[in-house]
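Peer 1: The residues making up each chain are set out below.
2 protein chains.
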Amino acid sequence: MTDAEIPTSSPETGRRVRREGARRGAGDGKAKLQQLPRRAITRHFPPMQIVSADEIESIHRASLQVLAEIGMDFALPEACDLLKKAGARIDGERVRFDPAMVEELIRTAPPEFTFHARNPENNARIGGNTMLFGTVGSPPNCSDMDGGRRTGTHADYRKFLKLAQYFNCIGFISGYPVEPVDLHASIRHLEALRDAVILTDKPFHAYSLGAERIRDGIEIARIARGISAAQMEREPSLFTIVNTNSPLKLDTPMLRGIIEMSSLNQIVCVTPFTLAGAMAPVTVAGALVEQNAEALAGMVFTQVVRKGAPFIYGGFTSNVDMKSGAPAFGTPEYMKACIVGGQLARRYKVPYRTSNTCAANTVDAQAAYESVFSLWGLTMGGGNLIMHGAGWLEGGLVASFEKFVLDCDLIQMVMEFLTPLDTSQDALGIEAIREVGPGGHFFGAAHTLARYTDAFYAPIVSDWRNNQQWLAAGKPEAWQKANAVYKQALVEYQEPAMDAAIREELDGFVERRKREGGAPTDF
Amino acid sequence: MTDAEIPTSSPETGRRVRREGARRGAGDGKAKLQQLPRRAITRHFPPMQIVSADEIESIHRASLQVLAEIGMDFALPEACDLLKKAGARIDGERVRFDPAMVEELIRTAPPEFTFHARNPENNARIGGNTMLFGTVGSPPNCSDMDGGRRTGTHADYRKFLKLAQYFNCIGFISGYPVEPVDLHASIRHLEALRDAVILTDKPFHAYSLGAERIRDGIEIARIARGISAAQMEREPSLFTIVNTNSPLKLDTPMLRGIIEMSSLNQIVCVTPFTLAGAMAPVTVAGALVEQNAEALAGMVFTQVVRKGAPFIYGGFTSNVDMKSGAPAFGTPEYMKACIVGGQLARRYKVPYRTSNTCAANTVDAQAAYESVFSLWGLTMGGGNLIMHGAGWLEGGLVASFEKFVLDCDLIQMVMEFLTPLDTSQDALGIEAIREVGPGGHFFGAAHTLARYTDAFYAPIVSDWRNNQQWLAAGKPEAWQKANAVYKQALVEYQEPAMDAAIREELDGFVERRKREGGAPTDF
Chain A
29 MTDAEIPTSS PETGRRVRRE GARRGAGDGK AKLQQLPRRA ITRHFPPMQI VSADEIESIH
89 RASLQVLAEI GMDFALPEAC DLLKKAGARI DGERVRFDPA MVEELIRTAP PEFTFHARNP
149 ENNARIGGNT MLFGTVGSPP NCSDMDGGRR TGTHADYRKF LKLAQYFNCI GFISGYPVEP
209 VDLHASIRHL EALRDAVILT DKPFHAYSLG AERIRDGIEI ARIARGISAA QMEREPSLFT
269 IVNTNSPLKL DTPMLRGIIE MSSLNQIVCV TPFTLAGAMA PVTVAGALVE QNAEALAGMV
329 FTQVVRKGAP FIYGGFTSNV DMKSGAPAFG TPEYMKACIV GGQLARRYKV PYRTSNTCAA
389 NTVDAQAAYE SVFSLWGLTM GGGNLIMHGA GWLEGGLVAS FEKFVLDCDL IQMVMEFLTP
449 LDTSQDALGI EAIREVGPGG HFFGAAHTLA RYTDAFYAPI VSDWRNNQQW LAAGKPEAWQ
509 KANAVYKQAL VEYQEPAMDA AIREELDGFV ERRKREGGAP TDF
Chain B
29 MTDAEIPTSS PETGRRVRRE GARRGAGDGK AKLQQLPRRA ITRHFPPMQI VSADEIESIH
89 RASLQVLAEI GMDFALPEAC DLLKKAGARI DGERVRFDPA MVEELIRTAP PEFTFHARNP
149 ENNARIGGNT MLFGTVGSPP NCSDMDGGRR TGTHADYRKF LKLAQYFNCI GFISGYPVEP
209 VDLHASIRHL EALRDAVILT DKPFHAYSLG AERIRDGIEI ARIARGISAA QMEREPSLFT
269 IVNTNSPLKL DTPMLRGIIE MSSLNQIVCV TPFTLAGAMA PVTVAGALVE QNAEALAGMV
329 FTQVVRKGAP FIYGGFTSNV DMKSGAPAFG TPEYMKACIV GGQLARRYKV PYRTSNTCAA
389 NTVDAQAAYE SVFSLWGLTM GGGNLIMHGA GWLEGGLVAS FEKFVLDCDL IQMVMEFLTP
449 LDTSQDALGI EAIREVGPGG HFFGAAHTLA RYTDAFYAPI VSDWRNNQQW LAAGKPEAWQ
509 KANAVYKQAL VEYQEPAMDA AIREELDGFV ERRKREGGAP TDF
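Heads up: the sequence lines are chains A and B, in that order.
Residue numbering for the first sequence follows this note's numbering, starting at 29 and increasing by one per position.
Residue numbering for the second sequence follows this note's numbering, starting at 29 and increasing by one per position.
Just chain A, same shape as in the assembly (with noise of 0.2 angstroms):
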C-alpha cells in the first residue's frame, strides 16, 4: 500500500477517504470547497397552511367524485384485474372508484419510513417534518457554459452522479441527473444504475419503464447493500417515480413498475402532471383535484398490490403561460399549488414529494428567483422528498452543471434557515453587549472572537467582495464563480469505497443482463 492509498479520515464526515483525493483538492494551491457536514434536515414549524380544511375537504370530495364518476384509465389488465377484486368497476380500461372504497384502501399506506442507502450514513427518513434533497432528474439535455447546451451523455451522466456524491446537501439521486443518451435504452438501465451504485454510496430511483427494468433496479439496490432479498423486502431501498399521463390514465409501464416495486415493499411515488390549462384545467384548485384523484388512484393501487407498501403523495401542479402554451414553473401558482398539496398529503398521511423548478434558460436572476420560489412553497409547504433538488434548468430539459452548485447553495441556505435559533443565555450575549457598550463595535469582543470562525453560513456561490475588489476580479457573476466550483468539486470527489466482493457481484449481475439482452425498449 503506498501512501497514497493509505485510508483517513475525512473531517466533514468522518467516513474513510482516501487521501491521494484530499491531496489532490489542495494540491494545485486551492482551498478545498467548504460546504456543510452531511445532516438529516428537520424542519422544526408546522407546515403552511393556505387553505382551510373545509376547503381542503372540498378537493378531497371532488376528486373522490372524479374517480366514481369518471373514473381513470389503467392501460393493463392484469391491473384492472387486481382492481376488480378489491371492488372497483371496470369497463375496458376504465376503473370507477367507490369513494368509501378509496377512503378504505388508503389507510394502510405508512406514515413515515425509511429509505435505504448502502452506505447507512446516507439511510434517510422520509415523512413528517423531514426533508430530503435530490439531484435533478431525467433531462435529455445538460449543459455547462463552456460546453453550452447538448444531448446527455454517459459522460456527462457519471459526472452528475460526482456532484451528487460530493455535495452533502444532496439526500438522493432522483433518476439520470441527465440521459445518458449515448447508452441503448435496452442496456441504459443496466449501466447507469451500476454507476450509481458505483459513484454514490446515496439512495436512488428507477425508472419504471416495465417490470424488467424494476427487477434489474431492485436486484442492483440489493446487490449494493449486500443483503438478502428477504431483508430488502423489509427494508426499502429503491424508489421509482411514476407520472400519470394526466387527465387520468396510467400507461402499461408505469402499472408494471408499480406492481414489481409495491410488491416486493420499495417505494413508489406518484406524481400526476397536472399543467394547469394543458393537461389539467386552467384553475389551480381544478389542476389539485385533478392531482390528487390520480394520485388517489394510484395511492389505491399501490396498496392493492401491497398493503403497507411504502407510496409517497406526488405534487407536480403549475401553470402553463397561457400565450404560448409553455410549461410555466416556480410561479405564485406553483407555489399555492405546492402548499395545497402538502395539506392534502397530510390529510391522507403519506409522505410528500415536491421539486425544485424553474422554467429559465439559463443561470440568470430568473433561475434563481423561479427557484427560490419554488424552494419557499415546498418548504413551507411541507415537502418530504425533493425531487430535482439540483440541477434543474429550462423547465427540466436541461441539467446544468452551474445550476447544480447553485442550488446546493440555496439548499443549504434552506437547511440553515431551518437550524433552530440559539436563544440561549450565552447567545442572547448581554455581557458582549455590556463589554462593548455604546459606540463601540464588536469585531474584538471576547464572545465574537469565541465564535466568528462558524457563526454564520458561508455560501457557496455568493460573492460579497466589494466593488472595487469585484471590478479587478473582471466583475464575475453567480454563474461563473459556480463553473469554477463544479469543476472543483470533480476534482475533489472520492469515490466511495465498495466492498470487492460486491463489486464482483455487481459487474456480473450486470454483464449477465447486458448479454442477455436488457429489457425491451418497444413501449
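Hints are all accurate, no fakes.
Calculated Cβ distances over 10 angstroms to all of chain A for the following chain B residues: (1) 66; (2) 117; (3) 135; (4) 174; (5) 212; (6) 239; (7) 292; (8) 331; (9) 515; (10) 518; (11) 544.
Pair ranges (Cβ atoms, derived): (12) B:135 x A:468: 30 to 36 angstroms; (13) A:471 x B:533: 48 to 54 angstroms; (14) B:81 x A:351: 45 to 51 angstroms.
Straight line, CA to CA, 27 angstroms or less: simulated DSSO-like cross-link-like pairs of lysine-lysine: (15) B:515 x A:351; (16) B:503 x A:515; (17) A:351 x B:503; (18) A:503 x B:515; (19) A:351 x B:60; (20) A:515 x B:351; (21) B:503 x A:503; (22) B:351 x A:60; (23) B:351 x A:503; (24) B:58 x A:351.
Simulated from the structure, these hints should not be mistaken for laboratory data.
Think of the CB as a built atom: it goes at the ideal place given N, C-alpha and C, for glycine as much as any other residue.
Since the structure of chain A is already known, use the hints to place chain B on it.
Peer 2: For chain B alone, coordinates are given in the frame of chain A:
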C-alpha cells in the same frame, strides 16, 4: 386644449391620465407594459414563528436588562430632559430605563394607522396583516447596464420617482431612491421632496437630519395634500426612518427628527442597524437583543414626545462576512432575524418594518436569490412596511434601474402568492375534467376558454420562450429584459395631476426656503 391634452381614464387605476402619454406608449409599435392593478396587499395566513413565546420573552427581558444596566446614549440634552421627566435615569448622555417604565410607556403606540398620500387612492393602512412595499432608499450610487455604476444625480433621482409612480406595486417612496448628490445638501431636501410630491402621488419619507428638514418635509406633505396643519396632525402623511448608531446610540439630528415628527403625530420608524458581528453581538439572538433594546428605547422616546404618536418597529439585523467584515444580506441569518423581529413587533403591538435586501454586485442569480430569501423572510414574518422593496443592490450602495424592475416582478409574484386560492365549485372544475376525460387536453375546454386570458400571473421579466426561440432572440438574460422594461416604463409614465393653486403654493414655499439657505449642513 389640444387633443393630446384631453384627460381620459386609465383602465388599470381608474385615475385620470393624459391621453398623450398613453399614445406615446403605444406609438412606437410596442405593446403597453402589463402590470397588476394598484391594490392593497393583505396576508391571509398567520405570520410564522420560529421561536417560542418563551424565547420572545427571553429576548424581551434581555433587552430590558440592557436598557436598565447598560443604557443608551441620547446625544441631545432636550431628549434627556424629556426622558428624565418620564422617569429615566440620566448620566451625561447615558440614559437608563427602568423595565416597568419601558413596559408602561410603549403601551400607547397605536397598533395600526393610515399613512396618507396626496392621492387618497394611495392611502395605506399600516400594521396588522397589511403589506406595503416601497422603493429602495438612500444609495449614493445608481446603475444601469448602459451607463454603469455612477454617483446618483438629480436626473437619476427623478427617473426613479417616475418608476415608483409607474409601478402599481410600489406603495411609497422610501427616502431618496438614489441620493441626488448634485443638489447641495442644504437645499437637497427641498428640491427632492418637491419632486417627490410632483412626480408621484404616493406617501413619502423625510430624512431626520435635524429639525429643519423634517419641518420642511411636513410642510411640503401638507401643501401637497392641500390640507390644514390641524388635519395634517390628525392624519399622518409623512414618515421618517431613524437609524440608531448601533450599538446603543441615538445621535442629535435623529433625535431632533423624532421630536419634530412625533410631536406633530407623523410616523417614526426606529430601525437599529445591527449587523451581527460588527455593531451587534456575533449571534443572531444577541443582535436581536440589541436591536430590540434600541427599538424599545426609540419607541419609548416617541411616546414621551407624544402619547399615541404612530411608531413602526424597524428590524434590519443581518450578519457580516466574518472573513472581510462586509455586510451580508438575504442570508439564512437575515431570514431568521426578519421573522423573530416580526414576533417582537407583534409582542409590542406595533407595525413592523423590514427590507428587501441583497449584497450582489450585479443583477445576477445572486441578486435574485438574496432578494427572494429576503421576501420569504419578511412575508412569512409579517413585515408591514417594506423598505427597499425595489431597486436595492450591492448592500444598499447602489440603486439599480434593472433591479427595480426585477423587484417589481418579485413583489407582484408575492402579491399573487398572497391572493387566496379560489376553491369554489366552479374553480374545482369537475365538469371541465368530465368534458375532457382521460387522455384529452384542456386547451380548448369551455372552462379554459372562459378564463385563459387572466388565469395566471403574467410576469414582467421572466422569459418562458423555448430554447430555439430564446436562442433566436439572442439569448437574453433577465437583466436585459429588465433594462428594456425600465426604459419603456419611463416612456409610459404619466405625471399625476396637481391642482394649480397647490403647485403654486408648493413652489412658493420651496423657493422661499431655498432663498433662506435651506437647512444647516454642519451635523
